[in-house]
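Asker: The chain contents come next:
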Amino acid sequence: MFGDYSLGDLGSIFVMQGFAGLILFSVYVLMALGLAIIFGQMGVINMAHGEFMILGAYVTWMTSSFFQSHLPSLFSGYFFLAMILAFIASGALGMLVEWVLIRHLYKRPLDTLLATWGLSLMLQQAYRSVFGAREVGVELPQWMLGSLHVSDSIEVPINGVFVMCLTVLITVGVAYVMYKSRWGRQVRAVVQNRIMAGAVGINTEKVDRYTFGLGCGIAGVAGSAFTMIGSTGPTSGQLYIVDTFLVVVFGGAASLLGTIASAFSISQTQSTFEFFMSGSMAKVLTLLAVVGILMLRPQGLFALKVRK
Amino acid sequence: MVINSRFFNRSELMGFIVLAAVLFVILPLTLDVFRLNLVAKYLTYAFVALGLVLCWGYGGILSLGQGVFFGLGGYCMAMFLKLEASSVENTKIQSTPGIPDFMDWNQITSLPLFWQPFHSLTFTILAIILVPGIFALIIGTAMFKRRVGGTYFAIITQAVAAILTILIVGQQGYTGGINGMTDLRTLKGWDIRPDHAKVILYFVEVVLLFACIGIAQFIRLTKLGRILVAMREQEDRVRFSGYSVANFKIFAFCMAAVFAAIGGAMFALNVGFMSPSFVGIVPSIEMVIYTAVGGRMSIFGAIWGAILVNFAKTSLSESFPQLWLFGLGGLFIAVVLAFPNGLSGLWADYIQPHIDRLFTSRKSKAGWKDNSVADGAPAE
Amino acid sequence: MSDEANKGLLSPLRRKLLMGMAAVPAITMLPKASFAQAPATSAVNTTGLAVTDTEVTVGILHSATGTMAISETGSIEAEKLAIEQINAMGGVLGRKIKFIQEDGASDWPTFAEKAKKLLVNDKVAAIMGCWTSASRKAVLPVMEQYNGMLYYPTFYEGLEQSKNVIYTGQEATQQILAGLNWIAKEKGAKSFFFIGSDYIWPRTSNKIARKHVENVLKGKVVGEEYYALGSTQFNSVINKIKLTKPDVIFTDVVGGSNVAFYKQLKAAGIDLSKQALLTISVTEDEIDGIGGENIAGAYACMKYFQSLDNPNNKTFVPAFKKMWGEKTVIGDVTQAAYLGPWLWKLTVEKAGSFDIDKIAAASPGVEFKGAPEGYVRIHENHHLWSKTRVGRAKLDGQFELIYETADLVEPDPFPKGYQ
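Protein chains in written order, with the numbering used here: chain A, 3 to 310; chain B, 19 to 398; chain C, 3 to 421.
Pulled out of the complex, with its shape left as it was, chain A reads as follows:
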């Protein structure tokens, strides 16, 4: 298939294609980080994760409309505020959900799946009633549109670069919080042995609530970032949920590094396949490969050795 093209063309396409894979990688990491915390650390199967993301997207949309009509002079910078608001909104909703729903179900992880599925149905309908069934378009400030012109055939999308930077920032932030801060140590202590953690004076209920809130908040930021590349509608969240779970499970549920490694391998595989065959078949083959490897290595790429 490459006979007709010059070497230069091919070279730049491979660069572009690698870049496409990196963008997909960032997207997967953003999706999966929040879930890696909630599912990996707490063992809660949050089927409403996608809906928390979409909440972030809607918050971004509202912020953008607000700036457009009231503060047009500051429009170019609204996105940063929008992301913070998205974090707060999704995080707050997450904590509320934890308090009302999840905390009763820690001993029954499979039941969290059913309850959060019900929650996701209700959230979808709530979005539909509040924001309408149509998709909303988030208008981006001028500087985030378009591409960086590297050479005649290599163009780097600015929003892609933005998503990547954001991913790196959030990942570093989460890693710091989880592994360096006092609070992160408490979270990991609760994960490893809830009773002992309680015995040494950690308020496990509070830790649970904030952990869940943090996971949902990151989902909100991810949703906010996705307005740059995807669509925002009441049911958009459902599109992400299976991919997200697979990334987390494939990486080994309790390991942040595993999540990143699995996001990287899945995204590169998929974007390579996509170039050589149709999009649907690429997706099927990628998923098959993931499931196949999981059958051989059920604990995922990086397994945390914890006594059960």
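Some hints here could point you the wrong way.
With a Cα cut of at most 30 Å, we get these calculated DSSO-like pairs of lysine-lysine [unchecked claim]: (1) C/K396 <-> C/K418; (2) C/K125 <-> B/K216; (3) B/K59 <-> C/K125; (4) C/K244 <-> C/K192; (5) C/K187 <-> B/K331; (6) A/K109 <-> A/K208; (7) C/K371 <-> C/K396; (8) B/K59 <-> A/K109; (9) B/K216 <-> A/K109; (10) C/K242 <-> C/K189; (11) C/K82 <-> C/K316; (12) C/K371 <-> C/K329; (13) B/K331 <-> C/K82; (14) C/K125 <-> B/K331.
Some chain A residues flagged as far from chain B (calculated, every beta-carbon gap over 12 Å) [claimed, not checked]: (15) S8; (16) Q19; (17) F77; (18) S78; (19) P111; (20) S155; (21) C167; (22) M180; (23) A199; (24) V202; (25) G203; (26) F278.
Quick caveat, the hints were computed from the structure, so don't treat them as lab data.
Glycine included, each C-beta is placed from N, C-alpha and C at the ideal position.
Dock chains B and C against chain A, hints included.
Answerer: For chains B and C alone, coordinates are given in the frame of chain A:
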């Protein structure tokens, strides 16, 4: 194998009689054919729920991929019916007459090889049982031999459901794509569309359902059923006692798959088409939810769950097309939070004692004892 | 299927003529019913439909929930507007239209179930509904079995014709060929890249487009790609587009995927003012989600744009906005959905009856002069004669009309040489 002397204990016998009376007598007498056909559609999910009671309630294996087996069974049936509906006379407008219409639209000019055997009804019936059964055997063997369980198993089955959906939608020349297989007409020349055929199909389905209930009840009462429960509660102890835990799990999973496939085949017959929207993640989770609402520990509860949730879905969406999802979502949360054993748990906790008291006061010495295996909240 | 339908169309036509003549004196002799000039129910409804002396019930069957609610909301709104306007004018044969709305929930079997409910339980006189091809395919056997009448608004792939359906949108050849001809002539386009969502409509449309490009325009198709419905990652295909450098990108991506596609296209540095892109799936509704700045410059090829400058449209657009809010936009399908109730009313009045068989027979030749897209007429094959137009997307989310066919284009659901 030791079988308890009584096949049903008293409360189960009552459940059996009530269900039989409702399905065989009351519903057919009171509902018009349209509503009866809807009940037939709901009952196809009851097959899935029945399988989930065995594999989830008793075996502790939550599968979020039952839609896969429902779909495989349904597609096998639909392929047979579609071939019959695509006779040369019916399709003479196509560029290649005699093949299903969607193949013609996708420039396929001859019937693909794997479609050929579906000309035979015998083969189709075997395929409905065997294809999902073998598929479940492969998945089950791969997973349970490596001791994958709990949430991991749930998520992997979910991924399998996603893969199969994308595959069916993507290979539309062979599968009908997202449209599915529509316009199924006759079974061996017998028109399945008119009202009287719907009534007959309804009764066929109810009889099949009771046959499956019998099988499930039989499994439950034998030693097999007890080992399943023991495994759910303390997997390691069962393993240390010398049982092959994986084999029992595989068996339960395959049974659930076969029940789901029978449901799928009945769906294709009753509703007259099959589409990938029954294969994916959303329907698979919904099927689990029917079981949860009815009660994952109770065979009859799960069947009522399938009927009632679907009934609620239909009537809510008819009366409140804009808001019915709130009601449905709320129902699931309520069931999980407040009634982990579903409707049958409610029944056992609040209504059963009154009935028992009624009976015991009449017969002073009722030698009745619960024969069923240890109850209680399942632990994952 | 169409052979049966054709036969079905002919004989009732003859019957209808006879009965129509017989009915005229009967109506004049009848004592006045509760409604002035309303013919007696027994005369206009011989098959037990939900028609009373003052009311007639129709069904609206679209997805109010699920992924397709995005697209179908506009159709629901348009149909309700049309019904309200018809009622304000005195209804149909002196009867007010009452509607029962059912939710198809973006789920094809649910569509079939609800269609059956509307026909069997509610005995509606007509159903305005369906959007995706899949939902129509699911509903079609029900319509034929229980003899209902469906007004289907979406542009679609063709290869279908039924006595029980009036297709108020365009079929594929009607929509595509004129657009391809125009872009080939205007831009001198020789090479085309096709990208679509993975289901029957894009695949059939692209098949027709490919035959036309290769056989008629003597051009070349340099790529043809399909993505699963709901996909949001298009970077790989965009790279392929960059590699193959086609003169025209021809897209039929639907739903939410559109948003991702155009945003990523823009981000990859493909400037739609220089790179010609012809879409058959993006209406004003979709642009609402995509954002005008991401798609400005693209060409769309369909039969209606909100910006059309004609007297009908100038009254339709404000009426729609008055009912549904200033911010709503009107796309091609929304307009086609608006035609449904009107065409049904005109047909009922022509047939002098609500009976399905008589409506089916009377439909060919029914003209609607008040259509926002301009004059339309129903063809013998139950599709509409309509003009095809090409518009260019502007920053504000509206299309600017660039080209329209001089005459109405004949609908041809079974195109010879394109199968």
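Asker: Each hint: holds or not?
Answerer: Here's how the hints hold up against the structure:
As the CA atoms of C/K396 and C/K418 are separated by approximately 36 Å, the hinted pair breaks the 30 Å bound. Proposed proximity of C/K125 and B/K216 is supported: the alpha carbons are some 20 Å apart, at most 30 Å. For the hint linking B/K59 to C/K125, the alpha-carbon distance of about 22 Å falls within 30 Å, and the restraint holds. The hinted pair formed by C/K244 and C/K192 meets the criterion: a straight-line CA distance of about 16 Å does not exceed 30 Å.
Of the pairs offered as hints, the one joining C/K187 and B/K331 is violated, with about 54 Å between alpha carbons and a cut-off of 30 Å exceeded. About 17 Å separates the Cα atoms of A/K109 and A/K208, which keeps this hinted pair within 30 Å; it holds. For the hint pairing C/K371 with C/K396, the CA-to-CA distance comes to about 29 Å; that is within 30 Å, so the pair holds. Taking the CA atoms of B/K59 and A/K109, the gap is near 35 Å; set against the 30 Å cutoff, the hint is violated.
Between the alpha carbons of B/K216 and A/K109 the distance comes to roughly 45 Å, so the proposed pair goes past 30 Å and is violated. A hinted pair counts as satisfied when its Cα atoms are at most 30 Å apart, and C/K242 with C/K189 qualifies at roughly 21 Å. As the CA atoms of C/K82 and C/K316 are separated by approximately 19 Å, the hinted pair is consistent with the 30 Å bound. With a CA separation close to 27 Å, the supplied pair C/K371 and C/K329 stays within the 30 Å bound.
About 25 Å separates the Cα atoms of B/K331 and C/K82, which keeps this hinted pair within 30 Å; it holds. Straight-line distance between C-alpha atoms of C/K125 and B/K331 comes to about 22 Å, which keeps the hinted pair within the 30 Å bound. With 12 Å as the threshold on Cβ separation, the claim that A/S8 sits away from chain B holds: the shortest Cβ distance comes to roughly 33 Å. No Cβ of chain B comes within 12 Å of the Cβ of A/Q19; the nearest lies about 22 Å off, and the non-interface call holds.
Listed as a non-interface residue, A/F77 keeps its Cβ farther than 12 Å from every Cβ of chain B; the least gap is roughly 34 Å. The beta carbon of A/S78 sits about 38 Å from the closest Cβ of chain B, which is more than 12 Å, so the claim that it is off the interface holds. For A/P111, the non-interface assignment is contradicted: its Cβ lies about 6 Å from the closest Cβ of chain B, within the 12 Å cut-off. At roughly 31 Å, the least C-beta separation between A/S155 and chain B is larger than 12 Å, which holds for a residue marked as non-interface.
With a least CB separation of 30 Å from chain B, A/C167 remains clear of the 12 Å interface cut-off, as annotated. Residue placement check: A/M180 keeps its beta carbon more than 12 Å from all beta carbons of chain B (closest about 21 Å). For A/A199, the non-interface assignment is confirmed: its Cβ lies about 22 Å from the closest Cβ of chain B, beyond the 12 Å cut-off. The Cβ of A/V202 sits about 27 Å from the closest Cβ of chain B, beyond the 12 Å cut-off, so the non-interface label holds.
The claim that A/G203 lies off the interface holds: its Cβ sits roughly 29 Å from the closest Cβ of chain B, which is beyond the 12 Å cut-off. No Cβ of chain B comes within 12 Å of the Cβ of A/F278; the nearest lies about 15 Å off, and the non-interface call holds.
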